[in-house]
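S.K.: Given next are the chains, with one letter for each unit.
There are 2 protein chains.
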Amino acid sequence: MNQDAAADLERRLREIGEQRYHDKHPFHVLMRDGRLSKGQIQAWALNRYYYQSRIPIKDSTLMARLVDPELRRVWSQRVVDHDGTREGQGGIGKWLHLCERLGFSRDDVMAERGILPATRFAVDAYINFVRERSLLEAIASSLTEMFAPRIIGERVSAMLARYDFVDADMLSYFDARLTQAPRDADFALGYVKEHAKTEEQRQAVCDALIFKTDVLWAQLDALYFAYVEPALTPPGAYRPASPGRSN
Amino acid sequence: MNQDAAADLERRLREIGEQRYHDKHPFHVLMRDGRLSKGQIQAWALNRYYYQSRIPIKDSTLMARLVDPELRRVWSQRVVDHDGTREGQGGIGKWLHLCERLGFSRDDVMAERGILPATRFAVDAYINFVRERSLLEAIASSLTEMFAPRIIGERVSAMLARYDFVDADMLSYFDARLTQAPRDADFALGYVKEHAKTEEQRQAVCDALIFKTDVLWAQLDALYFAYVEPALTPPGAYRPASPGRSN
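Which chain is which? The protein sequence lines are A and B, in order. Residue numbers in the first sequence follow our numbering, run continuously in steps of one, and reach 247 at the last position. Residue numbers in the second sequence follow our numbering, run continuously in steps of one, and reach 247 at the last position.
Treat the hints with care, as some may be off.
[Claimed, not checked] Pairwise CB distance ranges, derived in the manner of DEER restraints:
{"#": "1", "chain 1": "B", "residue 1": "E132", "chain 2": "A", "residue 2": "R113", "range": "20 to 30 Å"}
{"#": "2", "chain 1": "A", "residue 1": "P230", "chain 2": "B", "residue 2": "R183", "range": "52 to 62 Å"}
{"#": "3", "chain 1": "A", "residue 1": "D124", "chain 2": "B", "residue 2": "T179", "range": "34 to 44 Å"}
{"#": "4", "chain 1": "B", "residue 1": "Q77", "chain 2": "A", "residue 2": "R183", "range": "19 to 29 Å"}
[What the hints assert, rightly or not] Listing some non-contacts, in silico: residues in chain A with all C-beta distances to chain B over 10 Å:
{"#": "5", "residue": "A6"}
{"#": "6", "residue": "E10"}
{"#": "7", "residue": "Y51"}
{"#": "8", "residue": "G114"}
{"#": "9", "residue": "R150"}
{"#": "10", "residue": "Y238"}
In short, the hints are calculated from the structure, not lab data. Quantities reported herein were computed from a predicted structural model and do not represent experimental measurements. Note that CB positions come from ideal geometry on N, CA and C, so glycine has one too.
The following block holds chain A by itself, in its conformation from the complex (with noise of 0.2 Å):
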């Protein structure tokens, strides 16, 4: 692909982050403006905890149809951040450090008990995009990580400074992702801009990450219905012990 087509599918996939990234949906909105209650907080961790798990899953799925040894080693460091070399260490764990500070156990976490189904249905689809889309569109969808540190700096700043039952040690998850989501990121446009060389191409690069903005934006609007308003928590999902604003 040329260099102007190349900038002009960068262009366009920024402007996607811009519209559509889930630091505009109005759950995120609610927590950086100190607004949650820690019963709606815990809710918001405990389901995306599922997201946190299948991201290595996804990650794997993507391996698995890598036939270049290269590419694979890459993508594999994905994983690695996600599992960790040893207990506790990689993300996964760091994410159920907080759920565990947040009160939850650390056994019902890693059961998924209470998670929304709306949360499982859009985390199962991003996987399944994965494994049935072209190389190209799988690769792509992992493009929202060019707009992380965004949301990130904004949420950890926010959460430490309006929610006196959080603390640093609890968000330890994001400090390591502020350096491995812009490496990721840098990797996946690298790819998605050498390799999209026709129109339909990069269409399906914008699309498969519109669908991604989809995936997280959706995780967000089930936790507003769930817990925020109309706050019609579904059977079975978690019901925080302490409804309402806690802070």
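Once you've looked at the hints, dock chain B against the given chain A.
M.R.: Positioned in the frame of chain A, the structure of chain B alone reads:
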């Protein structure tokens, strides 16, 4: 499972290995006895590249089914062993080196040109098995590694002694496998002994190992048919420059 049932399962698995592992195959016997031509060994290395290249795909497929980060972390070492942590360091890189030393260009090997269709069918069946069967069966299908040190020891010493075009540098792939295979086999054997709790499950474990011995055996059948007797090399398959014995 009680100790007796676990010990009995291991005994049955070792018996399957005794009867069906591919060190009993006539093609391996010819190799061991120094009775293959260079062209026949080239065909073996070229075809086995396809198997080698798909092993991390098989293992990524298995990882994509694991929800437990700890189990995925253990299993991911297999992918690292084959892909390496940098270019040329892993098992695939070393197998490519063997192919290059045997006279192939690296690009031709990686392009998978001239590989026997039966090689592809057998290897792809292995990946499908790992994707579609129970996790217990998927893990059990790796248990041929229990018998790998036996064939490696025999193969390496025989090849060095009996083929003047073979030296230790070419066979460096097998050095690491002598420690990796038993480590992997111990883990998988422990897993199936712990998780096969019913006789039906123990039989499924045995059947998975039988399936895998078939996958390995079928690859040597195809080589024997195409390059030894009746030496009916299929259309599109690699044709050695110098047929017949060369040493």
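S.K.: To test your reading of the hints: which numbers does this structure violate?
M.R.: Per hint list: zero violations.
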